[in-house]
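Trainee: What follows is each chain in one-letter form.
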Amino acid sequence: MKVWNRYHTPSTIDEALQLLADYNGAARVVAGGTDLLIELREGARPPQEALVDITFIPELISVHQSNDHVLIGAAVTHDQITKSPLLNNHARCLVESCGVVGGPQVRNVGTIGGNVAHALPAGDGTISLVALDSEAEIILSGERQWVPIADMFVGPGKSLIDPTRDLLLGFRFKVQAGKSASAFERIMRPQGVALPIMGCAVSITLDDSSTIFEQVRICVAPTGPVPSRLSEIEDVLLGQEASEERIEAAISSAYDTVRPRTSKYRATADYRREVIPVLLRRTLHTAISRARQGHRD
Amino acid sequence: MTELILTVNHQHFSLDVPESRTLAEVLRLDLGLTGTKIGCEEAECGICTVLVDGIPVDSCLFPAFKGYGKHILTIEGLAQNGHLHPVQDNFIKHGAVQCGFCSPGLIMTSVALIDACPNPTDGDIKTALKDTYCRCTGYSSVIQAIKSAASEMRGKAALPVNEPVVEDTERIVGKSVPPYEVRDKVTGKARYTDDYVFPNMLFARTLRSRYPHARIVNIDTSAAEKLGGVHAVLTYKDVPGENLHGLVRRDWPVLCEDVVRYVGDAVAIVAADTPEIAAKAIALIDVEYDPLPVVSDPEYAHDPNAPHVHPGGNLLKHIKVRHGDIEKGFAEADVIVEREYRTPIVEHAFLEPECAIGVPEGVEGHDKLTVYVGSQIPYQDREQIAQAMGIVPDQIRVRGTLIGGGFGGKEDIAGQIHVAMLARVTGRPVKMLYTRQESLIFHPKRHATIIRIKTGAKRSGELVAVQAELYGDAGAYASLSDKVMTRATTHATGPYVVPNAKIDCYAMYTNNPPAGAFRGFGVTQSAFAVEQNMDILAEQIGIDPMEFRRRNAQRVGSITATGQELRESVGLVQTLDHVYDDMRQNGTLQWSWRDGHKAYGWGVGSAYKNTGLGGGAPDKAIAEVEAFEDGSVEVRTSSADMGQGLAHVLAQCVAEEFTLPYERVRVLLSDTDLTPDGGPTTASRQTFVSGNAARLAASTLREAFTRTAAEHLDYPPSELRYEEGLLHYNGDHVEFGDIVRWMKASGIMPKARHEYWAPQTRPLGEGGDMHFAFSYATQAALVEVDIETGEVHVLKVVSSTDVGRAINPLSLQGQIEGGIVMALGNTISEAFIVEDGIPWTSTLSRYKMPSIKHTPEIITRLVEDRVSSGPYGAKGVGEIPSICTAPAISNAVYNATGVRIYSIPIDQDALLRAIKNGHEEVHTTWSDVR
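Residue numbers (the working numbering), protein chains in the order written: chain A, 1 to 297; chain B, 1 to 930.
Keep in mind that a hint or two might mislead.
Covered by chain B, according to a simulated footprint, are these stretches of chain A (three or more residues, beta-carbon under 8 Å) [said to hold, decoys possible]:
1) 5-14
2) 106-116
3) 130-136
4) 209-218
5) 224-238
6) 271-285
Worth flagging that the hints you see were computed from the coordinates, not collected in a lab.
Quick caveat, the model's predicted, so the values are computed rather than measured.
For glycine and all other residues, C-beta sits at the position ideal for the given N, C-alpha and C.
Please take these sequences and the hints and turn them into a complete structure.
Mentor: Structure (structure tokens):
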């Protein structure tokens, strides 16, 4: 079935913007297309007159460090992320989460920008970007700007940008000093749609003595309509000793405060409540152990 | 149109193609490279995988212009100068190819893996091939083939082939010769129905009901007819003959006239210049419906107040087994266990969606109306097409193509009648290819069942009685429900001696998708209940579950619940012994243990399954064998090879009888003009019936050879000896082809035909032999349950199967491994969900079959307790491996966690909640999570 007519592969950002402007709403940005094309095929979205493929734009497909930031182009594939030495060093949670998205064929094509633009409440790569306190670079109504990653999510499946006019260019996060590390884990079920039942990314910094949490960022999703940080839990840990008791205290506070919901054919709220502490415990222990072993992440 | 520049298989192309094309479309339609198969168009199944600059991508979802300037490698580009790539070669050697439809995708993904990772571990392979599905092999052979190829590519030796041990071999029977046409399947040359193209071919689509139950008030096709490029729009009015089909009961309209009974019922068909125009046209057909109340549950269907799905009511059949005196039986019992079990609707998910092509009489090479289709029952297709077309069967030719998996799901009519009608009306060839999503909603599935079963035993461990009530959801049309649910009923005592039994089964019409044949044919469902009750009883009596089974096992001389005395070939006890041996480590068997937050448990299940139709049905197959002057022999029968390997079984039987090299035998299957009727490919029957027919035809022809040669050489027939395609006499020899020439010269046709009739059986209720043979199996599963998350992993399955005789051990092992993994899917991941008659499972992304990640270590042992009437002692194997896996896994989960699973697929959500809350039973499943 024909679900698009024209397919453009611009090689610059300006060219891409011009194409979108020329089509005046009848063209849509595509990167890997692994979500979008299925939605078009299934009729979840109307057929498009044109698709503007941004994966031929060099600056959108690079991963590099600039001063104290790591920059990831929006059209970088999941596979590129898992293989990037820079990200393996500074963003293990992102590497781990991108490594479990779909299968290899999808990871070879699907991009981190697509993951964010798709704005799922529990996109694997997305929740790691949240735990890394990333920012997104966008061109919104013609204006190029950096926004906090959390601002990208307006609602389930709805992002800040209009894919028929705006562009998502990439992401950046700060390289953490000292004893920092991150980790990601998720729980799936073998039945039905391959969406995570619950995913958890943590990013921590310990003090020089490896005993005190200097920085804790936790994203557990889905726990709401958009991915967000669990600040109550972070607060329980921040400045405290990275000990079994403290972690258990934080976990029990999660059990009391986080109220996940039941999703049809995915998970009951009760099940999710049971596994959130399990994920928190597993990821925090992994991250602490990584930080102490001096893996820079 | 823009010029598309790319390199495909090292050849440069500059193509003028629409920008809307996917890479798969460019390969298949514009370049004719049909080795790349399309399975889902959802990036789920991975069988369309090609390499773009060395990287595997799903070509069905990859815009062609995304590949601009890149190098594409497809399955056709792997072999160089006639030499297979090591991955292709090792897929053949290790038996990793069955139907072959997914083989190109698996092979391409594997090639990319080895390029990136020259010495892959099992873990690397499972990661790389996670989303490249195979529904036939169960993946064990795939893993071994990849490791072997990688080893060769590193300059090391190939890995040994893991073949099961067999008792003894004949010259060819009992040896693992490569499957017929396997080379074509690994090079992309093999042609399935959608790979056929005819000049001036039109493309058809079907308009299907959106309602599970509704009256059709009006059908307006005028807008569709006016659309440019549309050549025919047909409704019930255009069905020339009887507007009904059905294998056992003709209750299924070719095109619905007054009522639709399930979402997916066909209402109108269209033929147009392109698939896009056909799709547009069906969207323009305006059908006015008056919705009717929906029957969505088989128990409700039995309620006298339930609406009727068919005018005769909802009871399709009440099936009864009566044996002994049930009240006396339970009175003798010291322990009685009564439980309720539920099994879901299960989808075959063969990787090749249904496709049929109708070619009218007069098109070059077609002297009669011809239908190309990958079907399990070509002769019955022909009969059903004829009936609907109002012509005699002889005016139609059904030509079977290769089949990309069947498993029982390609027995009913799909598009066969529709394309015949459209071809006749338009006078042009017409192709009807179902999308994956259409295939999902349309075709008959495994029956969902509710089984209440009461089992009684004496304290000594002797079974005394079984009483059961089964409800089977037959869906909207009968299909094979009568037979399937009969098998569920007659096998509901398990493979044990149970002197008293009373079993009632109600096959009920509902407005769910029709249910029909599916590997295991009803017995998978009853075994899930029977074998768990066995474990519960064993625990209550305080006896080891394997000992309990052994004590009650059917043996030679036992009487089944249908009153059949088993006179030979009952290998159940040996299968139990094998499995018991293989479960033990260092001589001891530990049923369960804990390690941190992981709980481990073993569970066991046994099963039996009939070979052949049985129940008094005439069960025959005809085969023809012809010898040629070039020294080759062709065997012909209209039986289907859907990947299970019938073709090489027949070739082996013929080569054995003729003492010919295997390579000299050709096989022609499933052409109603050229091959005699082998009957349906169902009920694990073809090795037995067509195997016997081929063997006996070959033996008849050999005798004719001997007579001619003896006369010609003037030498006593008893002193003529056949060896490797030569006839030896008196220290000299003649070529096979010479004898063919002598026969022809004396006016004798060098061919023979044999109509083989399987031993007579008797209908249920009459006692005596309901079936002429049974296969037996025992399996044990080792599971790991994460007690913090409820996640269940099957680590190992130990199996032993009594197959009578292994004709081809490697391909037999493929049947067993594939059957086990399919059944594992049934237990762990698969359920086709229907909500008030509306399928929720409308895409493949909503239906998870096992991927290579789920594949456990599988141990295959064989018992060869020969059946005297089988070819070389063989009986059926197609279904038996899929029957006891689900109860073995469920029993293992109980042993690991103390929680018993009464409903599958196992729901980790409910399991975890049961563990946390101290509950011992789980009666809900995934579809209850709402």
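Trainee: All hints, please: hold or fail.
Mentor: So, going through the hints one by one against the coordinates:
1. 5-14: holds (count 4)
2. 106-116: n = 3 at 8 Å, threshold three: holds.
3. 130-136: Check failed, 0 qualifying residues.
4. 209-218: As far as the segment 209-218 of chain A goes, the hint is violated, because 0 residues have Cβ atoms under 8 Å from chain B.
5. 224-238: violated (count 0)
6. 271-285: holds (count 4)
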